[in-house]
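Enquirer: Read off the chains here:
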Amino acid sequence: MGKAMKEQAILSVKGVTKSFGGLKALADVGFDIEEGEIFGIIGPNGSGKTTFINCITGFIMPDAGHVFFRGKEITGWPAHKIAHIGITRTFQIMRPYYTLPAYKNLIIPLCSPRARKLGGWRGGGRHGDRDTVAVDILEEIGFERDSKVPYKLASTLPTGYQKRLELARCIAMRPEIIFCDEVFSGLSMSEIAGMIPVIEKLKMEGVTLIMVEHRLRELFRVADRVMALNFGEKIAEGEPEEVIEHPKVREAYLGSEEV
Amino acid sequence: MEMTRKERIDRGIKVRTEGIYAISSWEEVLYLAGPRLVLILGLLSLPLVLQVAPYWKRVVNITCIYALLALSFDFLANYVGLVCLGGAFFIGVGGYLSAIFNVYLGFPIYLSIPLATFLGAILCTFVILPVLPLRGVYFAIVTLMYPLLFTRIIEAFNILGGTNGIAGVESFPSPWVEQYLVILITLIALFGMRRLVNQDIGLVLRGVKDNDQSVRASGMNITSLKAFAVFIASLIGCFGGAYLAHLYMWAGISLFALDFSIIPIAAVVIGGGGTLTGAVIGSFILVPLSEFLRFAGTFRIVIYCVILTAVIVLKSEGLMVYFQRKYHQRERWVKL
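Residue numbers (our numbering), protein chains in the order written: chain Y, 1 to 259; chain D, 1 to 336.
The shape of chain D in the complex, shown without the other chains (with noise of 0.2 Å):
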């Protein structure tokens, strides 16, 4: 029998390290740029290009709410090591906070939002604050915990609207402002979340993933590096909360809704953990996924499950893992 055995060279660019590349012809630039312009132009366009299916493009604001989500469990966990099931939390706070100004204070839109977004960070991170020492699957459990925790407050308590919710709060402007404030701000956080881990910040951060020990006997403090990053993923996470009560022009507690939980885990392993871009690919591929899948009625959730552990056991590093290194090596067979 011929042995053989797979060989990988790297194409593209010759002088690199990592993610530094030396750039010396257009052909290099357009090799590096190009997946990130398909990525930034392709959702620019989407709302363009669904005009013929406006039913889509409600779809394309969910999904790009779920991308958020996704990215901020995608940076707690594997760039924070905090295992954070916290995005239904981060959602009805937002949501919450926003319909408050707006229909109960009467703030404008364009207040509401960031507003609840930054108010809404802020309550976030000081409600984890005290469970941030957990580790591992005792936070996960801890966050999970909060949105219920939170819907029961407000069905026995009978305030915010009880079951019914707050009702009347203002909608976008127009559609389009609706739309592209919702995928401006994905790529925003996208990119700039992928800047930040990058950063001294990031690199530290990182370093309490691996050993939180270390990094305090080198002279820092733990706590206050990981509520600085619960608050960037609560930020992102109330943001979406604000954006989806104006959406629905209501906000109930369905905002505090399991999906938003666990869709966006399904969303980053489908996308290779700390990718970043892998969370958002995962969600524009999961939640459309699961929104075309209707026509099959109650057997959606098992043609969706199929599919979801297929990708899990046939590609388990995640897609834009495995996309990457096709992009950035030619593989080949060679003879022993």
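Just chain Y, same shape as in the assembly (with noise of 0.2 Å):
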């Protein structure tokens, strides 16, 4: 199964190693996603998980390993031109644009020159009709258009929707790779069903998805493999129930049995 796998991954990471002075945050960590697959990414506080987004996505330089995006090696690359060719990702602090409006926010990605060239969301935006996209984008994701909330001011917006704006400000960029960096977390119940079903017809709509989750029962649910880091090191990779299983994932989330 590895050889085939390989030939089909979309995204092969290999041996990514990070170090901030003497702490080492990531350890030869490297992994192959398939096209059109949910992936997880779990482990407890500190364990690297956004700092090895960030050694993929561009906005830190690993100190070694290799990406490939289809094949291609990517790593190093600047973190637009990474985005440009549609990996993209959202940021655990929220970093929406303050001062405009929701929508506004989805204008500046589809005003980006991928969006220009491809359309953004669906296709759609190319022609200067971005409000009306942005619009849609948000709709989709929950901001209920009847109450005017595209239109709040995004630094008015409670938590919930700064996170789904940041999901949204992706799919504005029509990816091929979404990067969800604790999108569930800050989230209420009702709030994570609402988004399954977002994730669910991304991956419909052939993006592939890789999320850094805390909340495991709900990324549990719509993952298809699972990978576990623990201080830097991959300690486990596979499909969620044999890793929610290992042995070391479990001293790693509750401690050893021998203290």
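What the hints contain is simulated information worked out from the structure, not anything from laboratory work.
Mixed in with the good hints, there may be bad ones.
[Claimed, not checked] Below, in silico cross-link-like pairs of lysine-lysine (BS3-like), each with a Cα-Cα straight-line distance of 30 Å or less:
{"hint": "1", "chain 1": "Y", "residue 1": "24", "chain 2": "Y", "residue 2": "14"}
{"hint": "2", "chain 1": "Y", "residue 1": "248", "chain 2": "Y", "residue 2": "14"}
{"hint": "3", "chain 1": "Y", "residue 1": "201", "chain 2": "Y", "residue 2": "81"}
{"hint": "4", "chain 1": "D", "residue 1": "6", "chain 2": "D", "residue 2": "315"}
{"hint": "5", "chain 1": "Y", "residue 1": "152", "chain 2": "D", "residue 2": "6"}
{"hint": "6", "chain 1": "D", "residue 1": "326", "chain 2": "Y", "residue 2": "81"}
{"hint": "7", "chain 1": "D", "residue 1": "57", "chain 2": "Y", "residue 2": "152"}
{"hint": "8", "chain 1": "Y", "residue 1": "248", "chain 2": "Y", "residue 2": "201"}
{"hint": "9", "chain 1": "D", "residue 1": "315", "chain 2": "Y", "residue 2": "24"}
{"hint": "10", "chain 1": "D", "residue 1": "209", "chain 2": "Y", "residue 2": "14"}
{"hint": "11", "chain 1": "D", "residue 1": "209", "chain 2": "Y", "residue 2": "152"}
{"hint": "12", "chain 1": "Y", "residue 1": "117", "chain 2": "D", "residue 2": "326"}
{"hint": "13", "chain 1": "D", "residue 1": "57", "chain 2": "Y", "residue 2": "148"}
{"hint": "14", "chain 1": "D", "residue 1": "209", "chain 2": "Y", "residue 2": "81"}
What you are looking at is a predicted structure, and each value in this text was computed from that prediction instead of being measured.
Can you join these two chains into the complex? Each is in its own frame, and there are hints to help.
Expert: Here's what the structure looks like:
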């Protein structure tokens, strides 16, 4: 299976290592992602999940390792170039454009060279109807058009909406891969219930999703495969049920039994 | 005690969102065009009105230069998030280049000003390029240092006329050309800038100000976006410098004076940051005021500071924001 998978991997990461001073944040981490799957990354706080995303999406330079997108090496590319070829990300600490209304937050990715070339989400927004496309995306992701939520200032939106705005900004780019950095955290159960269909729909449209999550139960409802990190090392990878039963994962989350 | 609260009612045009209006009558057209016409016609008629006071015509020229600098400061600070104290730098580069083209290379005035404006803007952008990743006060400090740096280079190597400067720069063919050129450029810069910030590129630049990392994540190169913004701002500033060199018929190290960096900031604060028009209005209050206070001799700066402080403390939102609100909304006290 290993070889066959490598040939069709949309994203292949090998041996990514990153240290901050004396602290080893990532040690030889890698994975192969198939097109169209939902891949989960779990791990306790400080295990290097966000650093891993930053290394792949070009926001920090890895010390060692290689990243291949459809067989093409993209290691060390600047972040905007990586986003341009279709690998987008959300931020764990939300980074909306605070002084703009929510829908205008989406006009910016819709103005990007990628969205201009391909058209934004579902090909829309190429010919100046960006406002409509932006509001459509927001409505799909749960911003109620009737109560004028898409037109509210981003800074006045509650956390749940700001998290969804992060995802919406990725969707607007018409991406091939989305890295979701804890999009479920800070959301209520009902908000998550509203998000899961969005994620499943993205999967059906052929988008590959890589989700970093602390909310394991919700993640396992959607994830096809999961990888677990602890202290910057990969400790397990496989089906969600296998990973959560893995002794090292249990130890990382619950502590070892000898104590 | 009777409880009251202030109620604000929009006036004028009924159907509108943000800056878009649905106009249905001549009164509404006038309501919208009125303030713009007052500003445009007011500026254009200044040279005619001031025929009676030739000294003040000179002040209008200088005021327009400060208005241009304030515009470029307001644009960079409030629409791109770069606090740029490089006004003096833009003026100096534009002025020296124009003098070089005119005196050393013998270009006529109608070539030396546009050339100095464009090449100066390119030069300024290239010099500022390495510090573009800096933010906030750090960017401000570096841009404040550049004029000092260039002054010392010119002094130390005694190049470009050294401390004497370059004399003999061609003057304008007539006082009318001299005056209307700078007034027209100010108006074009103001309305052009207002249009620019409402285009897609203006929105993306505001995104850079709010959250540059998100713009990177959207596949756009923030360094080239910022460089574009600096180019636009230095284009305006370098024109001011080139104009000043021809106005004084001389380019010297006083073109790098800190006044060109500091007064525009005060003008933007008084006029209201982020309004662009406020920057022009602020300059047209501050610079003539400072001239007017010359009668007070050395005491001038004290009065000037008191007035400046009073405006900042009492109307910290800026005059333009205040007047805009008064114009668009009617206020009344209602009983609770």
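Enquirer: Quick one, are residue 6 of chain D and residue 315 of chain D close enough, alpha carbons at most 30 Å?
Expert: With a Cα-Cα distance of about 18 Å, the restraint between residue 6 of chain D and residue 315 of chain D holds, given a limit of 30 Å.
Enquirer: Would you mind confirming whether the straight-line C-alpha gap from residue 315 of chain D to residue 24 of chain Y stays at or under 30 Å?
Expert: violated, 53 Å
Enquirer: Does residue 148 of chain Y sit within 30 Å of residue 57 of chain D, going by the straight-line distance between their CA atoms?
Expert: violated, 52 Å
Enquirer: Starting from residue 57 of chain D, check that the Cα of residue 152 of chain Y is at most 30 Å away, please.
Expert: violated, 47 Å
Enquirer: Are the Cα atoms of residue 248 of chain Y and residue 14 of chain Y separated by 30 Å or less?
Expert: Holds, because 22 Å separates the two Cα atoms, which is no more than 30 Å.
Enquirer: Below or equal to 30 Å on CA atoms is what counts here, so check residue 152 of chain Y against residue 6 of chain D.
Expert: holds, 24 Å
Enquirer: Against the 30 Å threshold, does the CA-CA distance of residue 209 of chain D and residue 14 of chain Y hold or violate the hint?
Expert: violated, 35 Å
Enquirer: Does the structure keep residue 209 of chain D and residue 81 of chain Y at a Cα separation of 30 Å or less?
Expert: Holds, at roughly 20 Å.
Enquirer: Can you confirm whether the C-alpha distance between residue 24 of chain Y and residue 14 of chain Y stays at or below 30 Å?
Expert: Given that 30 Å is the threshold and the Cα spacing comes to 17 Å, the pair holds.
Enquirer: Regarding the pair residue 209 of chain D and residue 152 of chain Y, is the alpha-carbon distance no greater than 30 Å?
Expert: With Cα atoms ~19 Å apart, residue 209 of chain D and residue 152 of chain Y stay inside 30 Å; holds.
Enquirer: Is the hinted pair residue 248 of chain Y and residue 201 of chain Y satisfied, with a Cα-Cα distance of at most 30 Å?
Expert: violated, 33 Å
Enquirer: Would the hint linking residue 326 of chain D and residue 81 of chain Y be met if the CA-CA limit is 30 Å?
Expert: Violated, because 47 Å separates the two Cα atoms, which is more than 30 Å.
Consistency with the previously given hints fails for numbers 6, 7, 8, 9, 10, 12 and 13, ordered from lowest to highest.
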